[in-house]
Amino acid sequence: MRVVSLQVGGAGTVRWRGKLVRSAIDKRPVGDRPVPLHSEGFEGDEQADRKLHGGSDKAVCCYPAEHMRHWEELLEQHLPPGSFGENLRVEGLVEPDANIGDTFELGGAVVQVSQPRGPCFKLAARWGSRRLPNLMAKEGRSGLYLRVLHSGSVRAGDELRLVDRRSEVSVADVMRVTYVERDDADLIARVMEVPELAEQWRAGLRALLRRHIVVDDVTA
1 MRVVSLQVGG AGTVRWRGKL VRSAIDKRPV GDRPVPLHSE GFEGDEQADR KLHGGSDKAV
61 CCYPAEHMRH WEELLEQHLP PGSFGENLRV EGLVEPDANI GDTFELGGAV VQVSQPRGPC
121 FKLAARWGSR RLPNLMAKEG RSGLYLRVLH SGSVRAGDEL RLVDRRSEVS VADVMRVTYV
181 ERDDADLIAR VMEVPELAEQ WRAGLRALLR RHIVVDDVTA
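Under our numbering, think of the first position of the sequence shown as 1, with each following residue one higher.
Rather than coming from a laboratory, the hints here were simulated on the basis of the structure.
All C-beta atoms, glycine included, are put in the ideal place defined by N, C-alpha and C.
Errors might be hidden in some of the hints.
Okay, the calculated beta carbon distance ranges per label pair [what the hints assert, rightly or not]: (1) E193 - G10: 37 to 45 Å; (2) E43 - E91: 30 to 38 Å; (3) G31 - L162: 22 to 30 Å; (4) G204 - L135: 13 to 21 Å; (5) G157 - H38: 14 to 22 Å; (6) P80 - D184: 36 to 44 Å; (7) D184 - S153: 40 to 48 Å; (8) R190 - R161: 23 to 31 Å; (9) E76 - A189: 36 to 44 Å; (10) R165 - E40: 24 to 32 Å; (11) S151 - E73: 34 to 42 Å; (12) Q200 - V21: 15 to 23 Å.
Generate the whole structure from the sequences, applying the supplied hints.
Here it is in structure tokens:
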């Protein structure tokens, strides 16, 4: 597993349904220079909407290089590094193989898988495809977020070296139960048992599980 490219970027705007919306989805490669990584993300990186993006559980957005040909064929255009707002385009770290809580040495930093990347409308706005976020969710090609356990510098080409596996729940499992198998209460509960899953994502699953409990009580 390795970093193919590293991107950072500042806040700008994208056009969505006739309006300009603030977004920092436009990330640009920094070349092969090392970039300091702290608990809130890479030095020089920015998030426009801090309610939904950024923070310690979303310090680093990763997207697998393995998915890019699929999206290039769908969108009929080249998608350079940073196309999906990812800080790291990575190789070998795909959603079925990345488990919540997986901890890696990355350059001089130590990072941990915290949650999937939830596809949002800004991806649709940037690439002119309203169905793109829904396809990413249903197909499980979401990418993922890392939290930073130990600060340090990271650069393109660095390897991700697995040092600890905390759960058997993959990023793909979380995506599947959130967007596809929403009626599987047992799987929801199993995913929620993983303490390393980010609280924001856990809150959504908690609400989904409560809905199942209410329905079961009513139909019992």
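To see whether the hints hold, each was checked on the structure:
Taken as a hint, the range 37 to 45 Å holds for the pair E193 and G10, whose Cβ atoms sit roughly 38 Å apart. In this structure the hint that E43 and E91 lie 30 to 38 Å apart at CB is violated, the actual value being about 23 Å. In this structure the supplied range 22 to 30 Å holds for G31 paired with L162, their Cβ-Cβ distance being about 26 Å. For the pair G204 and L135, the beta carbons lie near 20 Å from each other, so the given range of 13 to 21 Å is met.
Roughly 21 Å separates the CB atoms of G157 and H38, a value that falls within the hinted 14 to 22 Å. In this structure the hint that P80 and D184 lie 36 to 44 Å apart at CB holds, the actual value being about 37 Å. For the pair D184 and S153, the beta carbons lie near 41 Å from each other, so the given range of 40 to 48 Å is met. The hinted range of 23 to 31 Å is satisfied by R190 and R161, whose Cβ atoms lie roughly 27 Å apart.
Distance hint check: the CB atoms of E76 and A189 are about 42 Å apart, consistent with the given range 36 to 44 Å. Taking 24 to 32 Å as the suggested C-beta distance range, the pair R165 and E40 conforms, at roughly 25 Å. Taking 34 to 42 Å as the suggested C-beta distance range, the pair S151 and E73 conforms, at roughly 38 Å. At roughly 21 Å, the beta carbons of Q200 and V21 sit within the given window of 15 to 23 Å.
Violated hint: 2 only; the structure is consistent with all others.
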